[in-house]
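**Student:** Protein chains in written order, with full-length UniProt numbering: chain A, 1 to 210; chain B, 1 to 444.
Source of the hints: derived by calculation from the structure; they are not laboratory data. Nothing false has been slipped in among the hints.
Derived Cβ-Cβ restraints for the label pairs, each shown as a range:
#1 Asn172(A) x Thr413(B): 42 to 52 Å
#2 Gln423(B) x Asp67(A): 47 to 57 Å
#3 Asp386(B) x Pro183(A): 48 to 58 Å
#4 Asn198(A) x Asp431(B): 14 to 24 Å
Below, in silico cross-link-like pairs of lysine-lysine (BS3-like), each with a Cα-Cα straight-line distance of 27 Å or less:
#5 Lys209(B) x Lys116(B)
#6 Lys117(A) x Lys62(B)
#7 Lys347(B) x Lys380(B)
#8 Lys293(B) x Lys279(B)
#9 Lys181(A) x Lys71(A)
#10 Lys279(B) x Lys289(B)
#11 Lys113(A) x Lys254(B)
#12 Lys117(A) x Lys254(B)
#13 Lys265(B) x Lys416(B)
Going by beta-carbon spacing under 7 Å, a handful of chain A positions derived as facing chain B:
#14 Gly79
#15 Gln80
#16 Ala87
#17 Met89
C-beta: ideal position from N, C-alpha, C; glycine also.
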Amino acid sequence: MAARNSAGGAARPGGPNRTCQFKLVLLGESAVGKSSLVLRFVKGQFHEYQESTIGAAFLTQTVCLDDATIKFEIWDTAGQERYHSLAPMYYRGAQAAIVVYDITNTESFIKAKNWVKELQRQASPNIVMALAGNKADVAQKRTVEYEEANAYAEDNALLFMETSAKTSMNVNDIFMAIAKKLPIGPAQGEPTGTVDMNQPQQQQKGSCCK
Amino acid sequence: MDEEYDAIVLGTGLKECIISGMLSVSGKKVLHIDRNNYYGGESASLTPLEQLYEKFHGPSAKPQPEMGRGRDWNVDLIPKFLMANGPLVKLLIHTGVTRYLEFKSIEASFVVKGGKIYKVPADEMEALATSLMGMFEKRRFKKFLVWVQQFDENNEATWQGLDPHNQTMQQVYEKFGLDENTADFTGHALALYRDDEHKNQPFAPAVEKIRLYSDSLARYGKSPYLYPLYGLGELPQGFARLSAIYGGTYMLDKPVDEIVIENGKAIGVKCGEEIVRGKQIYCDPSYAKDRVKKTGQVVRAICLLNHPIPNTNDAQSCQIIIPQKQVGRHYDIYISCCSNTNMVTPKGWYLAMVSTTVETANPEAEVLPGLQLLGPIAEKFIQISDVYEPTDLGADSQIFISRSYDATTHFETTCKDVLDMFQRGTTKEFDFTNITHLSLNDQE
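Excised from the complex, chain A in its bound form (with noise of 0.2 Å):
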C-alpha cells in the first residue's frame, strides 16, 4: 500500500534500527532528468536516452542512519506532468519531494518555482523539500547561477544540491539530506485501521508498520 507512514518497526518500536518508509515524490518539467535521477539512486543505472517513462508503479531504496533505516517509496510522475495533468493523488500522503530542474535550461528552473508553489499550495506543510539542479555534468552549458537557486532555496527553506544522474554527484547525497530531515517517530496524524486487500482475509490492521 502506498502512503503507509510506518515509522516504528515491528520489531523493537522505539529502538534503534527501526525501519521507517516514506513516500517520496519527484517533480519538475518534463527531461530534466527526474527517471534518470532516481534509476541512478535506486540501481546506479545511466542511460543516454531514457525512455520517458519508466514504467513501475514506484521504485523503492533504503538508506541507513546512525539510527534507522528509511525506506523511500519513490514516485514518478509517469509524464502527468507534460500537460500539466498531475493527480492530487500524487502528493498525498508524501512526506518528502524532490524539484528537479536542468542547470542549463532556465526555463525549468521556473518550471521548479512554481512546482514548488503547487507543493507548498497541496502537499503536506511538514513535507521535506529538496531542489536538484540536474546536468551539472555539462556545467559549460549552465543557465542558471548556482548562487541564484541557493538564495532561492535558502529563501523557501528547501535543500539544495546540484546533481549529475549521468556521473552520479550527489545523487545519494540528497537523498541522504532528504533522510536526515525526515521525522523518525510514530506515525501521527495518519489514518488508522486501513485494511490491506492483498491479503486473502484479515481483521483491521493497526497503525504503522508490517
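Knowing the structure of chain A, use the given hints to seat chain B on it.
**Tutor:** Here is chain B on its own, set in the frame of chain A:
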C-alpha cells in the same frame, strides 16, 4: 500532437479511467482528455468545500466558518461503496492500483423496517440478538443461508430440489418458509436489489448476489463494504496513473468541440483549431450527446451534518437501506454516510447522501423519508441527474460510450459496463497477464 493514437478517451470518470488503463496495459497508444481541470468527471470528489458551494449555489455562496478547513472536505457526487469481494476490488488488486490507495471498511449496514432502523447482522452473535425476525424465523433463515452457501448452479446435487432455471426467488422463500419481512430484508439489504422484480425471476442470480454479500462480509468483518480514504475520486486517479505508467498521455482542462466522423467512422476529435487523430473513441455520454438516450433520472441529496446519523450507534460510516415497500415506492432509498475517519470531512462533521431512482414529478420529495432519518441537517444540496445509455454500440462508428452511473450503491454494474466496453472495442476480453509492473523492483 500530429501523431495518431490507437484510442482517444474523453472524460476522466471512473469508467473511462479504468478503460484507459486497460487499453494502455494492452499496448495501445492512448490519449486521455478531460474538459475539466480536475480528474473524475461525474465520479470526482469535490474539494475544497467551496467548490461544492460554488457548483450548487453559485460563485458567491460560501460555507459556514464552523465547517472548518475547506480542504478537509472531499465530497463525492455519486455515493457508492465497494463490495470487498466484488469485481472492482479484483480489478484493483490485479492491476496493482491498490498500491496508490488505502481503504477502510464501512462500519455498519442498516435497514429500515416499520419506521425503525435495524442493524444488518454482521456475525452469528448479532444474528442471534437481532429483533429483525422472531426466533423460529431465525432458524429457517439460517437453513436458507446454509443452502445459499453450498448452492452451485452447475451441480444439481446442491440444488436440493430447487431448479434454478424454472423456479423463482419467491418460490425459494416459500420453500424455506420465510415470511415477507425476511424476503424483503434478504432481497434488498443482502442481495441489494432496488426493486422487487427479482422475486419473479429464476433465482440463481439472486443467490449469487447474497453470496457476494456474505463473502464480502467475511473478508473484513464489520460490513461487506470498503471505501477509499479521501473519497471515491481517488479511484479514477489511481487508474489514470496506471494508464500513464503504461504510456498513456493525459490532458486536463482541454475543451473538446466534437468527435470527427468520416464515412460513418470516428477518425479523431476536434479541439479548437486542431484535430487529434485516433482510431477509436471511448467516452462518457456527455461527449457524445447525439449517440445516447435518456433512460431515467437519479435524485441525490448531499447533506452536511455535525453529528452522526441518529440510531446508528454513532457509526462513523454506514449505509442505511429503506426498502421500497416500507415507504410505498417502486425503488429503494439508499443513505450512505462517511466522516473524518474516511478523510472526507473535518473532525466532528459527517457527509450523508440520500439517493434513489426518480419515479415521480417531484424528485425532491422522494428523498424525504431518507432525510427524516438524518436529524438536523446543516446544509443540503440536491442534484437530479439524467441517466443515459448509448444508442450507438460502436461497431461501425468505433465510438464506445459508457452508461451513466446508476442509483446502485456499489460498483457491480460499473465493472460490467467497463468490461463490456472493452470487449466491444477490442473484440477480446481483457488479459490480466499483460500487467507486468507488479514484479518490477517494488515487491516487499
